[in-house]
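Per the working numbering, residue -17 is the first one in the sequence shown, and the count goes up by one each step.
The set of hints was computed from the structure by calculation and includes no laboratory data.
All values derive from a computational prediction rather than experimental measurement.
For glycine and all other residues, C-beta sits at the position ideal for the given N, C-alpha and C.
Incorrect hints may have been included.
[What the hints assert, rightly or not] Straight-line Cα separation of at most 16 Å, EDC-like style, residue types lysine to aspartate or glutamate; simulated pairs: (1) 28 with 69; (2) 28 with 87; (3) 30 with 144; (4) 28 with 65; (5) 28 with 144; (6) 30 with 80; (7) 30 with 69.
[What the hints assert, rightly or not] Distance ranges between label pairs, derived from CB positions: (8) 40 with 10: 42 to 48 Å; (9) 147 with 25: 21 to 27 Å; (10) 142 with 55: 24 to 30 Å; (11) 60 with 80: 28 to 34 Å; (12) 16 with 54: 38 to 44 Å.
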Amino acid sequence: FHRELQVSARLSEYNHHIIRVYDDFGEDKDLGHYYVMEYLRGISVKEKLTLDEGLPLPLAFHVFRQLCDVMGVVHRASIVHRDLKPENIFLTHRDSDDYFVKIIDFGLARLTDSDSEQNLTKGPIGTPAYMSPEQCRRDTIEAPSDIYSMGVVLYEMLTGVDPYGLTH
-17 FHRELQVSAR LSEYNHHIIR VYDDFGEDKD LGHYYVMEYL RGISVKEKLT
33 LDEGLPLPLA FHVFRQLCDV MGVVHRASIV HRDLKPENIF LTHRDSDDYF
83 VKIIDFGLAR LTDSDSEQNL TKGPIGTPAY MSPEQCRRDT IEAPSDIYSM
133 GVVLYEMLTG VDPYGLTH
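Make the full structure from the sequences, and use the hints.
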């Protein structure tokens, strides 16, 4: 929980494509840990795929270009998301863009410049259809693992199914 809060807050300061996390966080004895983030109106890429069975080429490439831009920022900040999938890519309206990408759910993110993070979360974690081979092998996860996941997401946006048939 604290890692997700730290990573999301750190990144959202620098990029509008990452869900904004505010300073209000804590623990409620009945509810557990909580934090406040921006409210998003829109739809996840997963929901959009369910409605459309694949995205039109211009939309798929528009979404993917934004995903590439934001993941470049994430990786330059020495962070690996480790759970990129259509459910964690949200499409919202911003200015004149009806399909503005927001990356959510940094709960499995790894700070690559922290040895303690590597030991804390090393293992086959993620969503199987989107996991890179190194994730499946329990190897150390770096930025190329996210890039692999991005390729799977692009494939699914273009075809309406993941390459392995695991999510449908």
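Hints and how they fare:
no.: 1; hint: 28 with 69; in the structure: holds, 5 Å
no.: 2; hint: 28 with 87; in the structure: holds, 14 Å
no.: 3; hint: 30 with 144; in the structure: holds, 14 Å
no.: 4; hint: 28 with 65; in the structure: holds, 14 Å
no.: 5; hint: 28 with 144; in the structure: holds, 11 Å
no.: 6; hint: 30 with 80; in the structure: holds, 13 Å
no.: 7; hint: 30 with 69; in the structure: holds, 10 Å
no.: 8; hint: 40 with 10: 42 to 48 Å; in the structure: holds, 45 Å
no.: 9; hint: 147 with 25: 21 to 27 Å; in the structure: holds, 23 Å
no.: 10; hint: 142 with 55: 24 to 30 Å; in the structure: holds, 28 Å
no.: 11; hint: 60 with 80: 28 to 34 Å; in the structure: holds, 33 Å
no.: 12; hint: 16 with 54: 38 to 44 Å; in the structure: violated, 30 Å
The structure does not agree with numbered hint 12 stated previously, though it agrees with all others.
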